[in-house]
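Turn these sequences into a full structure, and let the hints steer you where they fit.
So the sequences go chain by chain: X, W, Z and L.
Heads up: the first sequence runs through residues 90 to 485, numbered per the numbering used here.
Heads up: the second sequence runs through residues 90 to 485, numbered per the numbering used here.
Heads up: the third sequence runs through residues 90 to 485, numbered per the numbering used here.
Heads up: the fourth sequence runs through residues 90 to 485, numbered per the numbering used here.
Calculated from the structure, these hints are not laboratory results.
Take the hints with a grain of salt, since some may be wrong.
[Stated by the list, open to error] In silico EDC-like cross-links for lysine to aspartate or glutamate, where the CA-CA straight-line distance does not exceed 20 Å:
#1 Lys168/L x Glu173/W
#2 Lys162/L x Asp140/L
#3 Lys162/X x Glu173/Z
#4 Lys118/W x Asp176/W
#5 Lys395/L x Asp374/X
[To be verified] Take a look, some chain L residues computed to stay more than 10 Å from chain X by CB distance:
#6 Ser134
#7 Val136
#8 Leu175
#9 Asp176
#10 Thr200
#11 Lys238
#12 Ile273
#13 Gln337
#14 Lys358
#15 Val370
#16 Leu388
#17 Glu392
#18 His406
#19 His408
#20 Gln424
Idealized CB from N, CA, C, for every residue including glycine.
Protein chains: 4
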Amino acid sequence: MADKIGIWLIGARGGVATTAIVGLLALQKKLTANHGLVSELPQFSDVGLSDWSQFVVGGCDIRDTTLEDEATKLLTESKLLSAELLDACKEDFTAIDQQITPGTIFNVGKTISDLADPEMTKKDSTPKAIIESIKSDLSNFAENNQLSKVIVMNVSSTEPTVDGSALPSNWSEFEPILENEDCILAASSIYGIAALQLGMPFLNFTPSLGTAPNAICELAEAHGTCHMGHDGKTGETLLKSSLAPMFQHRNLNVMSWVGHNIFGNLDGKVLDDPENKQTKVVSKDRLLGQILGYDPQTLVSIEYIKSLGDWKTAWDHIHFQGFLSTPMTMQFTWQGSDSILAAPLVLDLVRFTEMASRRGEVGLLTDLCSFFKSPHGIEENNFVRQFQLLEQWAAR
Amino acid sequence: MADKIGIWLIGARGGVATTAIVGLLALQKKLTANHGLVSELPQFSDVGLSDWSQFVVGGCDIRDTTLEDEATKLLTESKLLSAELLDACKEDFTAIDQQITPGTIFNVGKTISDLADPEMTKKDSTPKAIIESIKSDLSNFAENNQLSKVIVMNVSSTEPTVDGSALPSNWSEFEPILENEDCILAASSIYGIAALQLGMPFLNFTPSLGTAPNAICELAEAHGTCHMGHDGKTGETLLKSSLAPMFQHRNLNVMSWVGHNIFGNLDGKVLDDPENKQTKVVSKDRLLGQILGYDPQTLVSIEYIKSLGDWKTAWDHIHFQGFLSTPMTMQFTWQGSDSILAAPLVLDLVRFTEMASRRGEVGLLTDLCSFFKSPHGIEENNFVRQFQLLEQWAAR
Amino acid sequence: MADKIGIWLIGARGGVATTAIVGLLALQKKLTANHGLVSELPQFSDVGLSDWSQFVVGGCDIRDTTLEDEATKLLTESKLLSAELLDACKEDFTAIDQQITPGTIFNVGKTISDLADPEMTKKDSTPKAIIESIKSDLSNFAENNQLSKVIVMNVSSTEPTVDGSALPSNWSEFEPILENEDCILAASSIYGIAALQLGMPFLNFTPSLGTAPNAICELAEAHGTCHMGHDGKTGETLLKSSLAPMFQHRNLNVMSWVGHNIFGNLDGKVLDDPENKQTKVVSKDRLLGQILGYDPQTLVSIEYIKSLGDWKTAWDHIHFQGFLSTPMTMQFTWQGSDSILAAPLVLDLVRFTEMASRRGEVGLLTDLCSFFKSPHGIEENNFVRQFQLLEQWAAR
Amino acid sequence: MADKIGIWLIGARGGVATTAIVGLLALQKKLTANHGLVSELPQFSDVGLSDWSQFVVGGCDIRDTTLEDEATKLLTESKLLSAELLDACKEDFTAIDQQITPGTIFNVGKTISDLADPEMTKKDSTPKAIIESIKSDLSNFAENNQLSKVIVMNVSSTEPTVDGSALPSNWSEFEPILENEDCILAASSIYGIAALQLGMPFLNFTPSLGTAPNAICELAEAHGTCHMGHDGKTGETLLKSSLAPMFQHRNLNVMSWVGHNIFGNLDGKVLDDPENKQTKVVSKDRLLGQILGYDPQTLVSIEYIKSLGDWKTAWDHIHFQGFLSTPMTMQFTWQGSDSILAAPLVLDLVRFTEMASRRGEVGLLTDLCSFFKSPHGIEENNFVRQFQLLEQWAAR
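Right under this line is the structure:
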């Protein structure tokens, strides 16, 4: 029998995780087509990816809710999923709910903390103690489910910005910091450290700091495991990384690129807090200069509009100069469900990362850069070129 | 002193040609930035392209007008160019006007023929005789201006569709056809044959048939020259070739792609004739299936809206399915000046083709595919991958 | 006990009728808010409109299907309605299905005829005989359900254009025509005549000819009943009638107004037939000139895009001149469900018309013009002014 | 000979004023069509409006520039106006420049003050002293040009918000405040007081406080003159006041209305200061609730994007519920030149106000409400109904 592989989701009952879980169940039950799944493209059919049936889901969350409630909300508030599909998943929801442990709200900011239920949050006061507690949860998950491997993935809400540049760049100086209650690191990094110390691959689907600091990267090498981040590239930024190369290759001078994003899910509510929003905006904005080779005036806004629910709508206005300095305009609107766009990438990343881990790859998985808004360890942001890296890597 | 190189434009007083001429003069006089010019990108600065100062313009047209009048129309009707720039070009316009000979309206369809002036059209009745007359014009242009080389480029309006599949596939069977008055070939192919027989490179910037037929390709080989086509990729189709790969790489199932194009220049008037429009629509539509690997429902409309002048505006509506078959929507609008987008590509193509010719390349220049909506001899339509071919070729 | 009032729908199992029926049931069962219902606005609360509980639905159709199947299709194909609501309506669907009789396909064109089931179409060969058969159906409906009144409403698909101007303008000359098998009138007029001859109010929610001819109007007077049409104003045209007055009042010169409509329901399929489309396009286009006082270049396209289902999407591009003849642009996109927009207007029209009938109004109900794209008997197309007429009329 | 009438513009060399001046000159010289001018509509041709030839322009400004420079900037930076037209106006520019006096920067905020030239600002330290100085400028303008009347209009940049509610509501208590150097009133009110005290009509085209306070209104009555404000309704808000009635009349429940505005002229730069922006946003946002009768979630952003120059581009996303609570979406983009849209309204307002003054009207001219985003003294915001008031008033 094939090995069983664990997926441990941080924010396991959020919109993205819930949709990923529904999707995985639908794939296992053969109730859905494979639209939106990169790993199901023909070029990846023979490279040795695990089968959907091998995956087992667990994770942690800080809110007092159930997967069924969250999935039902996606149906009623955002017209996503379907009544039949949720019916078919009911029992599995209950089983998975039992695999979900309390999470940490260390330095996640007031807006996220306010969402937390006291019963669902870890009480430890230093990062070090929290890390030990998480490691214990992860080990239990692996043991109880007889898993050959566990992939840890952060799909929780965006934290306020942590300035990683001030941190020591090697682990020996870094480690003592974790014993301070006023350590500046936030939850995403704490989870990352726990995973890497257990030799478990870690993926950061959010713009939070996670395992980006050099000292934590060193930890991955030391424990012979891999990791990657950050910030899943799902909508407006995916478009930027597909369109900006066109302007660059045609020597069209982008004078300004304005992007307004509106949506109304829980992530949107969290991003309505300027502290958390700042982390996201930087991540959405940075790639343009890298692709174009110069910095046009840019503006990225993210606004919480309740009625939209999970439907993230973006309007981008691109003002550029063509030949003889003639100004011209391109505009686009993108109406996509945030969770539906993100969920398959979560599953794809797990599958590709599990394969990398089996192949013995250690450190940052830069060949997975096409999945991220701000990929660690690599400057490539042209989406087609990023995808070529994925194809070449998988074919190796 | 550096060699002088001729550019011979078919449709030399049309919007695209006029803008290309104004642009070339502005470059030679150093009155403009290099926005919109691919050949001015850093990666092409050391590959051996000719200098703008080396180029001399001639060509043919069928309308009774002057370059100055046409340029002035672009300013007053479409707010393009500028009064100062046109002032600076006045004398050159007169000089170039003298290099422009009458053209042929053989099988160009009623709408184009109606635009022609009797004094500006060739009177010969068989393609063969017309070819000889064009060859004489081309030779005179080369001789009178002491040109080391002439690049012939078709920037005239779109002809009604010619079914090339019915034609003999080798030159020996093909040649006799040219002696018939009722030959199905149209002007674009006649010009192409003339150029290739003189060993002059030929470029087809329009969706007309040109040198696409196998027998004419054979001619290029026989005379040791190069050619390429067809249909310059300037706006909506450029976007399709940049966006469709995104949907494909993310396994997002495009259910329908609707594109409506409106504009009001002379080309628009010609395309308002269903006979001519058909040729264009096929060219704009074909690449989607090639990139996606399946054929979504597509719709391409092109409509003549007088008030827009040269400002081609496109609205595209892309309806696609993501994960769990969820329908989502992307829309874009593109507001670009047709002539301003096309003109720099005309100059780029001349420059790259002239270099190919110096390097001794013979036959179809498939590495220039990024410039064309329907590139001959190559199936690649992903714009970024097409551009990689250009970079690799130039660096060779 | 309050009187019972019949609604007799032509095309009773089409998308609009099905949605109107679901909506009426939801209102009667108090399962929905009153969004989209004009007659539920505060200014109409005391004018004496009937209660939703008084209405009983019947009608005719030509297709072999059931209300439940059609409603389920709206849910699965277009994500409209909800599983719970359909569950609550199941038994009523069956009861209403039994009130639905076969319809006529006289001169409805090939595309509509191809949708018909032989068992669901009347076999009579002259309009006169068909009229008698319909009158018998209408009388049975009234009698069997003990109705005090029946309102007849056409919500079937658009017929090919009938040139009404060629018909005699008085009833005595008109009537004999109905005995010819090759009479040019189509189904919509035949139904209208049947209704008016029984003294039943007739409403034409489609662009088909219906009771527009003078001779048929005369019939309404003769039988002391009222009627109105035509073509329900639900989406893009509603916007035109709201926006065009703005351009007119500000003396902004509309140079061109382009409107592209795409959708994928059954009506869309019927309109994909150029014969039927022509009827619709004229109706959507005519009001601009009436509001503006001059005729800008206009373009209206309607295209069948299957994936969109009932979601009619319109893109309008308005090119106008402001001060000093400066060209400027407004664009809008409208994403609305065709059936959801139309259904409440169907119910509103029934309610307002029933009140008019009780008040003894005879002839064209021009005060209901705000509901129609091309209101009969009145030139007013400014939506706000039309609505003022409704308010003033209701308050009388 | 007809009377000469003065137009005294506050901010006389700003974009709006410059365009209004060019436009007036073009009208006087018969060099332009009357597009964009409300007062040129047929229904106002016989009501007794003054002729364009009667108007003489003066005003004040705080910047060190010339009309010719400002007009040329509109041409080169924003492709507005035309080289020929500016040539034809050159001499008039110089003459008008001589009629422009220094202005006051009292409480206009840091961003506006930074634009001021010391030589062009009044040195007085109390509002009372400044008012006297302005009155002297106004009297000189009237006298030197032998004007029968002067209309004073504020077209300067938006000031930071002044809380008018804290001010005394009658003039006798209000007047002493003007002797304090730390009076909270800003320039717009100071100009307004000066004008009204001279019996000159005052119009406030900006969202600044102006003559809104009750005590200042009392002053208009006392001096038998008229005034009106505030904030010219030129673009996005004009659309809101045309579209919101449609949603209201159809009982479509607007859940959210998001409006993003981007532009790059001097006004945009001033509005980039949060203090000044606040004044504008409130003005753009308030009418929705008044028209709809409830308050949907709204968002109005105004951002300075340099490359756009005077081309204000707005994207509005309207999310509404129709029948059976079905969510639907309308979006629009508006690409208009801010100055070109505003300038004709400035001229119209002058013309209508001059007529009102001749008719002896005193106090707020509420019948001019269609011209303003936030009309004083009247709650009507439905644009068509506002326009009916104008028509009825003019016809009186």
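Do the hints match the structure? See the list:
1. Lys168/L x Glu173/W: 13 Å, holds
2. Lys162/L x Asp140/L: Violated, at about 29 Å.
3. Lys162/X x Glu173/Z: Measuring from Cα to Cα gives roughly 15 Å; hence the hint holds.
4. Lys118/W x Asp176/W: 13 Å, holds
5. Lys395/L x Asp374/X: This hinted pair holds, its Cα atoms lying about 18 Å apart.
6. Ser134: 38 Å, holds
7. Val136: Label holds. Min Cβ-Cβ 41 Å, cutoff 10 Å.
8. Leu175: 20 Å, holds
9. Asp176: About 23 Å separates Asp176/L from the closest Cβ of chain X, which puts it past 10 Å; holds.
10. Thr200: About 18 Å separates Thr200/L from the closest Cβ of chain X, which puts it past 10 Å; holds.
11. Lys238: 43 Å, holds
12. Ile273: 29 Å, holds
13. Gln337: 17 Å, holds
14. Lys358: 13 Å, holds
15. Val370: 14 Å, holds
16. Leu388: Given that some Cβ of chain X is not farther than 10 Å from that of Leu388/L, nearest at about 6 Å, it is violated.
17. Glu392: 6 Å, violated
18. His406: 6 Å, violated
19. His408: 5 Å, violated
20. Gln424: The claim breaks: Gln424/L does not keep its Cβ more than 10 Å from every Cβ of chain X (closest is about 8 Å).
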